[in-house]
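Participant: Okay, here's what each chain looks like letter by letter:
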Amino acid sequence: MDMYDNRTTFAADDDGVVVVIGSGAGGGTLANELAQKGVDVVLLEAGGLHTTDEFIADEWPSFSQLAWTDTRTTTGDWRVARDFPNLPAWICKAVGGTTVHWAGASLRIEPHEFRARSTYGDLAGATLRDWPLSADDLASYYDTAEKKLNVTRTNGLPGLPANNNFKVMHAGATRLGYETCHTGRMAINSVNKDGRNHCMQRGFCFQGCRYAAKWSTLYTEIPAALQTGRVELRTRVHVARIEHDDNDRVTGVVYFDADGRERRQAARVAAVAGNSIETPRLLLNSESSRFPNGLANGSDQVGRNYMRHTTGTVWGVFDKPVEMYKGTTMAGIVQDEARHDPKRGFVGGYEMETISLGLPFMAAFFNPGGWGRGFTEAMEQYRHMAGMWLVGEDMPQADNRVTLSSEARDAFGLPVANVHYTDHANDVAMREHAYTRGAAIYEAAGATRTYRTPPYPSTHNLGTCRMSERAADGVCNGHGQSHELANLFISDGSQFTTSAAENPTLTIVTLAIRQADYIAERMRARAI
Amino acid sequence: MSDHAVSRRAFLRAGGAVLTGTLASTSGVLALIAPSTSWALELEALDAHQAATVLQFTRHVFPHDRLDDAVYALVVKDLDAGAAEDPTTRRMLTDAVRRLDEASGGEWLSRSAAEQFVQVQAMEATPFFAKVHSTAVVSLYDNDMAFAHFGYPGRKGDPGYIHRGFNDLHWLPDPPDGASGPVPETA
Ligand SMILES: Cc1cc2nc3c(=O)[nH]c(=O)nc-3n(C[C@H](O)[C@H](O)[C@H](O)COP(=O)(O)OP(=O)(O)OC[C@H]3O[C@@H](n4cnc5c(N)ncnc54)[C@H](O)[C@@H]3O)c2cc1C
Ligand code: SF4
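The listed protein sequences correspond, in order, to chains E and Y. Counted the way my numbering counts, the first sequence spans residues 1 to 528. Counted the way my numbering counts, the second sequence spans residues 1 to 187.
Check the hints yourself; a few may be wrong.
Stated by the list, open to error - In silico EDC-like pairs for lysine to aspartate or glutamate, Cα to Cα no more than 20 Å straight-line:
| # | chain 1 | residue 1 | chain 2 | residue 2 |
| --- | --- | --- | --- | --- |
| 1 | E | K37 | E | D517 |
| 2 | E | K147 | E | D137 |
| 3 | Y | K131 | E | D83 |
| 4 | E | K147 | E | E110 |
| 5 | E | K147 | E | D517 |
| 6 | E | K147 | E | D194 |
| 7 | Y | K77 | Y | D144 |
| 8 | E | K320 | E | E377 |
| 9 | Y | K131 | Y | D95 |
| 10 | Y | K156 | E | E54 |
| 11 | E | K320 | Y | D174 |
| 12 | Y | K77 | Y | D95 |
| 13 | Y | K156 | Y | D144 |
| 14 | E | K343 | E | E432 |
| 15 | E | K320 | Y | D168 |
| 16 | E | K193 | Y | E185 |
| 17 | Y | K156 | Y | D168 |
| 18 | Y | K156 | E | D58 |
| 19 | E | K37 | E | D15 |
| 20 | Y | K156 | E | D53 |
| 21 | Y | K131 | Y | D47 |
Hints were generated in silico from the structure; no laboratory data involved.
Let the hints inform the model, and build the full structure from the sequences given.
Facilitator: This is the structure we're talking about:
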């Protein structure tokens, strides 16, 4: 039997199942964790199944194969709205979700970041809140998640060996006096483990890891879930809406199958993990007479507080070749600026992580819209460039939000998501600081010239159904459970109350593991 | 009429033409991977003059002096294919070429590079410029000839660089063990 064959199927009217929508970091993990506890799960994924042997080591063809390219629209001041008006985010539509494309950086959110409002104070224009949970609540779940992902530099696993791109970062950072600089905590096997190969330093981490060295739900959680015989995976099915009864209980979900036929799956519980743009879109498209503003949206918070991290890229050009594309894409990190230190002119902090792009993506993203000698002189330096990505906490703002487009419709006639984003003054100050420090690192390593690249379409999408202590401030509680419908759960990065500086996926996985415990316990107690 | 001309006319659409060129250098990397030193692009919608004009225009938008015309011809190929599919695109391209020539009081192509560039700049806000730009930023940098020119191995890296120089930079000190990690022995 193939590792992706369903060992079980559930009837459409089987209302004993948990329906999980989306098979990425949140949904794929939740489905497996529930199945391991004996819960029956129907896992619905809009994308198709692409196994490691199908991955393409070529950026554009790979993007066409795996990325979400269905229309979305954009508004707001962010440059993405001008350069990529229909591509606000870089997200996958495939079994495994964006864990197929992700780079693997796996950092815990710091204790003070869970208390963002208390730590940073009241910032004009920002809707900062403390999370309804603490670092202590998550500590043991973080442990489990790090073991699951084989995160390097945890549990006795070695770090990954330094590649050329990291050598440049390390040399510059050390000369500037930065102290926490290493090859990162990566969800990439540094040794053979769990039947998966160690990293072969391919450098196509963003195109899917052919060696399955990098953790993805595609070849870990999902096959493990199917193996239990308790999970049915349905691919190429797009969930259109979630239905409920008069007692505010979810009763099932309606979706379009691969042939465009409308289907319904009954559900005891529904868990939404479509990533922070599709998750609020689905709730907003599920409006009903009881929930006229969208399901679970009595607070009017669904879609609001959209966060994408304060990002940017710095490239350093050197006399001698770097060949940054050789080896892991995120090959190392500088963490000294991740602290909260308002003396720098902003609250929160940022990480500096190496990045590399292949030539095709370099041309597309280096300076979108750029042309002429300035552009081509930079491209000519490609082999001599080192790259780093800056990723820091961005401020939640009520008007940065996902709404339904009033005009654009998808293939099924459903309104598509519009993504509106404008930087907060704190974001602008942080980005400027980060660009300056990033350039200083490369100059210390001997760069003859540095370049700044503006933020890419969002790879980190957060906050659009956030967890909150008070129902009026958010959409779900600290377990991702809707404040209004007890058997509706938010299971992805939409739950984040604030963005924190760290790459989000380890926390998404951690919350999913914890949520599975909670759902199984509530089901046993017949509370849901 | 020669057989050759007849078959060529039968093969190409009415108004079709061929854009040809010769590799500027027979010693560079390109000569190693190109099937022959001369190349020909069969056009579907543009005539040879229009194609040559668009090629030169693209050279102004993305000027890489040592990048061969053969690579820029890939951009023309994509634009020409777009024009063959869509009459609006075709009109946009042919109108732009006519406007360039009119503004030059003859053939824009016969003007000096500096004079040509003035016209390119003047067109920056036009849909034609946007079309050339958005096509070229993909086509120009996403092919084996460009990869060879810029020094990007592309798919050749697919097996992994673990034994092929992922850490071969020696002009800076190596990070200490604590900051790095061991190269797996089984590799
Ligand atoms: C290039 C890149 C690099 C990254 N690197 C890192 C990194 O180093 N570290 C890190 O922490 N994070 C990284 N990320 C981010 C990381 O991938 C995401 O945080 C994570 O995958 C989000 O998990 P998720 O479960 O919310 O959504 P996803 O993993 O995106 O999964 C959502 C799934 O839901 C499906 N879906 C959506 N709507 C529907 C619907 N209506 N019906 C059915 N299915 C639906 C989608 O098709 C998709 O498969 C990176 C992302 C990118 C693009
Ligand atoms: S560099 Fe390592 S993790 Fe990335 S694709 Fe290659 S083998 Fe996989």
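Participant: Determine for every hint whether it applies to the structure shown.
Facilitator: We went through each hint and held it up to the structure:
no., hint, verdict
1, E:K37 <-> E:D517, "holds, 8 Å"
2, E:K147 <-> E:D137, "holds, 18 Å"
3, Y:K131 <-> E:D83, "holds, 14 Å"
4, E:K147 <-> E:E110, "holds, 19 Å"
5, E:K147 <-> E:D517, "holds, 17 Å"
6, E:K147 <-> E:D194, "holds, 11 Å"
7, Y:K77 <-> Y:D144, "holds, 16 Å"
8, E:K320 <-> E:E377, "holds, 16 Å"
9, Y:K131 <-> Y:D95, "holds, 13 Å"
10, Y:K156 <-> E:E54, "holds, 16 Å"
11, E:K320 <-> Y:D174, "holds, 16 Å"
12, Y:K77 <-> Y:D95, "holds, 18 Å"
13, Y:K156 <-> Y:D144, "holds, 11 Å"
14, E:K343 <-> E:E432, "holds, 14 Å"
15, E:K320 <-> Y:D168, "holds, 12 Å"
16, E:K193 <-> Y:E185, "holds, 14 Å"
17, Y:K156 <-> Y:D168, "holds, 17 Å"
18, Y:K156 <-> E:D58, "holds, 10 Å"
19, E:K37 <-> E:D15, "holds, 18 Å"
20, Y:K156 <-> E:D53, "holds, 16 Å"
21, Y:K131 <-> Y:D47, "holds, 18 Å"
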